[in-house]
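Whole structure, please, built from the sequences with the hints as guidance.
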Amino acid sequence: MGLFNGLEISATGLTAERLRMDVTAENLANAQTTRGANGGPYRRKEVVLEQAAGGGGGFGAQLTAAMGPRGGSRPGGVQVAAVAEDQTAPRMVYDPGHPDADARGYVAMPNVDSVTEMVDLISSSRAYEANVTAMEAAKQMFSKTLELLR
Amino acid sequence: MLYDTTQLALHRAIEGAGARHEALASNLANANTPGYQRVDVDFHTALSAALGNGGDRRAAVVGASIGAQADRTAVMRADGSSVDIDAESAKLAANALEQQAAVQVARTRTAILQAAMGTGG
Chain A
132 MGLFNGLEIS ATGLTAERLR MDVTAENLAN AQTTRGANGG PYRRKEVVLE
182 QAAGGGGGFG AQLTAAMGPR GGSRPGGVQV AAVAEDQTAP RMVYDPGHPD
232 ADARGYVAMP NVDSVTEMVD LISSSRAYEA NVTAMEAAKQ MFSKTLELLR
Chain B
85 MLYDTTQLAL HRAIEGAGAR HEALASNLAN ANTPGYQRVD VDFHTALSAA
135 LGNGGDRRAA VVGASIGAQA DRTAVMRADG SSVDIDAESA KLAANALEQQ
185 AAVQVARTRT AILQAAMGTG G
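As they're listed, the protein sequences go chains A and B.
Those letters in the first sequence? Residues 132 to 281, by this note's numbering.
Those letters in the second sequence? Residues 85 to 205, by this note's numbering.
Keep in mind that the hints are not guaranteed to be accurate.
Said to hold, decoys possible - The calculated SDA-like cross-link candidates involving lysine to any residue, where the alpha carbons are at most 20 angstroms apart (straight line), are:
| hint | chain 1 | residue 1 | chain 2 | residue 2 |
| --- | --- | --- | --- | --- |
| 1 | A | K275 | B | V159 |
| 2 | A | K275 | B | H95 |
| 3 | B | K175 | B | M160 |
| 4 | A | K270 | B | E99 |
| 5 | A | K270 | B | A185 |
| 6 | A | K275 | B | P118 |
| 7 | B | K175 | A | T264 |
| 8 | B | K175 | A | V154 |
| 9 | A | K270 | B | L181 |
| 10 | A | K176 | A | V214 |
| 11 | A | K275 | B | L181 |
| 12 | A | K176 | B | P118 |
Claimed, not checked - Computed from the model, here is a short list of chain B residues facing chain A with C-beta under 7 angstroms:
| hint | residue |
| --- | --- |
| 13 | N114 |
| 14 | T117 |
| 15 | L176 |
| 16 | Q183 |
| 17 | Q184 |
| 18 | V187 |
Derived from the structure by calculation, the hints contain no laboratory data.
Don't be surprised by glycine CBs; every beta carbon is placed ideally from N, CA and C.
Structure below.
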């Protein structure tokens, strides 16, 4: 059943892009956080995506397998491999009055660049829209196929 | 035989468009996956080869391969991915229309068959 699988594939894309948006929002929100979870300044987080294996369980996959090979592989969408921390050095800002300033008056600020985050946010929001469009096309195709039964 | 070779080919084309939609949806889902190689389903070539077959066209159409293949000709981006989100969206829209056209033709042919049998349509 190709089209239901098509919806699932687009859903994996939606999940992945939404997580990217969440992580970007977290980075932007913590752009000035000097006390992160591990003591030092907040570190920028990045989502690592990987290609998901096709097929899977379910009735549709079993039926396709039982009907014999049609050649080629079955696409499976995308999955999140990890949410990794950006290991670049923190930004040092001279601010002697800051409570977290070191002996020389420098404060370690998060390695978050708001321009990079905005670009990431736009790219994930556009990719999200593309996945929604793919879902709508799958719905149209499916309802058109159902007309064959009328 | 209720269905002729053309009807079978139409059914395979609908199936192929469904498989192609899966492949293109997977490309869009992986739009931000570094190193991803785009996949596509070339059911047009498979079906036209089957229909141009000199021998048993019926068996050739039924057995035509419409699985997803990696597209090694696509231009690679800086991050190693070969997905162009605009090109994929355009292909997806065209494929959806093509599927709906094939379904419409299949429906009309079934209606002709029903009219000939005197069962409405």
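Q. Is the straight-line distance between the alpha-carbon of A/K176 and that of A/V214 20 angstroms or less?
A. Answer holds: A/K176 to A/V214 is near 6 angstroms, not above 20 angstroms.
**Q.** Interface restraint verdict for B/Q183 against chain A (beta-carbon cut-off 7 angstroms)
**A.** For B/Q183, the interface hint holds, since the closest Cβ of chain A sits about 5 angstroms away, which is under 7 angstroms.
Q. If you take the shortest Cβ to Cβ gap from B/N114 to chain A, is it below 7 angstroms?
A. At about 5 angstroms, which falls below the 7 angstroms cut-off, the nearest Cβ of chain A leaves the hint on B/N114 intact, so it holds.
Q) Straight-line Cα separation of A/K275 and B/L181 no greater than 20 angstroms? A) Holds, at about 10 angstroms.
Q: Sort out whether B/V159 lies within 20 angstroms of A/K275, counting only the CA atoms.
A: violated, 34 angstroms
Q | Satisfaction of hint between B/M160 and B/K175, Cα-Cα up to 20 angstroms | A | Given pair B/K175, B/M160 holds - Cα atoms ~18 angstroms apart, limit 20 angstroms.
Q: With a cut-off of 20 angstroms on the C-alpha distance, tell me whether A/K275 and B/P118 pass.
A: Roughly 35 angstroms separates the two Cα atoms, so the pair is violated.
Q.
Need the status of pair A/K275, B/H95: alpha-carbon distance at most 20 angstroms?
A. holds, 13 angstroms
Q: Mind checking the alpha carbons of B/K175 and A/V154 for me, to see if they're no more than 20 angstroms apart?
A: Violated: B/K175 and A/V154 sit about 30 angstroms apart, past 20 angstroms.
Q: Under 7 angstroms, Cβ to Cβ, is where B/L176 needs to be relative to chain A, so tell me if that hint holds or is violated.
A: B/L176 check passes; min Cβ-Cβ to chain A is 6 angstroms, inside 7 angstroms.
Q) Quick one, is the B/V187 hint okay against chain A at 7 angstroms, beta carbons? A) With a minimum Cβ separation of about 5 angstroms from chain A (threshold 7 angstroms), the hint on B/V187 holds.
Q.
Check whether the Cα positions of B/K175 and A/T264 lie no farther apart than 20 angstroms.
A. Measuring from Cα to Cα gives roughly 12 angstroms; hence the hint holds.
The structure is inconsistent with the numbered hints 1, 6 and 8, although it conforms to all the rest.
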